[in-house]
Amino acid sequence: MLLLCLLAVPVLSAAWLIGTRTAVQRAADAAALAGAGQAVVARQVDARGDVYCATAAVDPVQGPAVAAQYWARNVTGIPTLQTLAFVARPQGATLTVQGTVSAAAPLRSPSSRTVWTVTAVAELRQPAGVAACP
Amino acid sequence: MGWRFVRETRGQAAVVETVIMLILLIAFFGGFAAYALAAHARAVVIGAATVAGRAAAIECGLGSATWQADATSLAEEALKQGGLKLAGLRPGGTSPGTWSVSFGGTCASGADVTTTVTYDQLDLFPFIAPLLGQGPADGWGFDLTSTAVYPVG
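Top to bottom, those sequences are chains A and B. If you're matching positions, the first sequence starts at 707 in the numbering used here and goes up one per residue. If you're matching positions, the second sequence starts at 774 in the numbering used here and goes up one per residue.
Since the hints were made in silico from the structure, they are not lab data. Glycine residues also receive a C-beta, built at the ideal position from the N, C-alpha and C atoms. Mixed in with the good hints, there may be bad ones.
To be verified - Here's a subset of chain B near chain A, in silico, CB distances under 7 Å, partners left out: (1) A807; (2) A812; (3) R815; (4) A816; (5) I819; (6) G820; (7) T823; (8) W913; (9) A921; (10) V922; (11) Y923; (12) P924.
Okay, chain A solo, but in the shape it has when bound:
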């Protein structure tokens, strides 16, 4: 009976972690979407000296900040997850997250841990009403 109980612990933990993994992926997805929405107008000058504007970059300050807010709002109750990197590219934003979650979390035991790396990609969104150079 004791052996059965010991065998059950990893299986029960794995079942719990599957759902938690889904929640973590959602948090990264929402964070990347929110961060990518923080587009800024970039001034661009071509070879002839003409200046034109394009919404071509994620705000390097606001992007990660807003992403972190949405991350935190989606993973309430999993405090050991943390955002490691937010890469803003012209075409979108990539959020890489590494989390340390106890595999024995259902039993409230910190003895066993697993590390996840989650990546979410979102496309840059054009902010409304952007027409002229700032």
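Given the coordinates of chain A, work out where chain B should sit on it, guided by the hints.
Okay, now just chain B, sitting in the frame of chain A:
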């Protein structure tokens, strides 16, 4: 006389021990199966909230008038595809299998939409809900709830 008494007593004790062990084993495997089903349902509910929340935020941002109904349909589809037996939308009872989708937040640019999916999971063992970090049992079931917060796109 003495040996016969000892043999009968031992035989009765063995029967009692076997019955106790059988009850424990049935409870163990029953609880094990119930936990696995509940953990699966939890993952499905989280996935349904993700799909519905994403769609709600995007459709709302595009100005769709039916974004709530569309997101609810997506959540229902996700729950069904996850293999959950749906008994009907709430309010209509809180018996196992009933489910609901609720929306919060503001449908406006720069705001966010909160989508909560709740599913009443059959619960025959009282220890399962706390293990999954969910609320206490309510009758024959307990609520599996997941909330997704997405920016309005």
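Hints versus structure:
Hint on B/A807 is violated. Least Cβ distance to chain A is approximately 11 Å, over the 7 Å limit. Given hint, B/A812 at the interface with chain A, holds; its Cβ is 4 Å from that chain's nearest Cβ, closer than 7 Å. For B/R815, the suggested interface contact is upheld, since its CB lies about 4 Å from the closest CB of chain A, less than 7 Å. Here the hint on B/A816 is kept, as its CB sits about 4 Å from the closest CB of chain A, short of 7 Å.
Taking 7 Å as the C-beta contact cut-off toward chain A, the hint placing B/I819 at the interface holds, the least distance being around 5 Å. With 7 Å as the threshold, the beta carbon of B/G820 comes within range of chain A, its nearest partner Cβ sitting at about 5 Å, so the hint holds. The criterion of a C-beta within 7 Å of any C-beta in chain A is met by B/T823, whose closest approach is roughly 4 Å, and the hint holds. At a threshold of 7 Å, the smallest CB-CB gap from B/W913 to chain A is about 21 Å, leaving the interface hint violated.
A distance limit of 7 Å between C-beta atoms decides the matter here; for B/A921 the minimum to chain A is near 6 Å, and the interface restraint holds. Against a cut-off of 7 Å between C-beta atoms, the interface hint on B/V922 holds, since the closest Cβ of chain A lies about 4 Å away. With its C-beta approaching chain A no nearer than about 5 Å, B/Y923 sits inside the 7 Å limit, and its interface hint holds. Of the supplied interface hints, the one on B/P924 holds, with its beta-carbon coming within about 4 Å of a beta-carbon of chain A, less than 7 Å.
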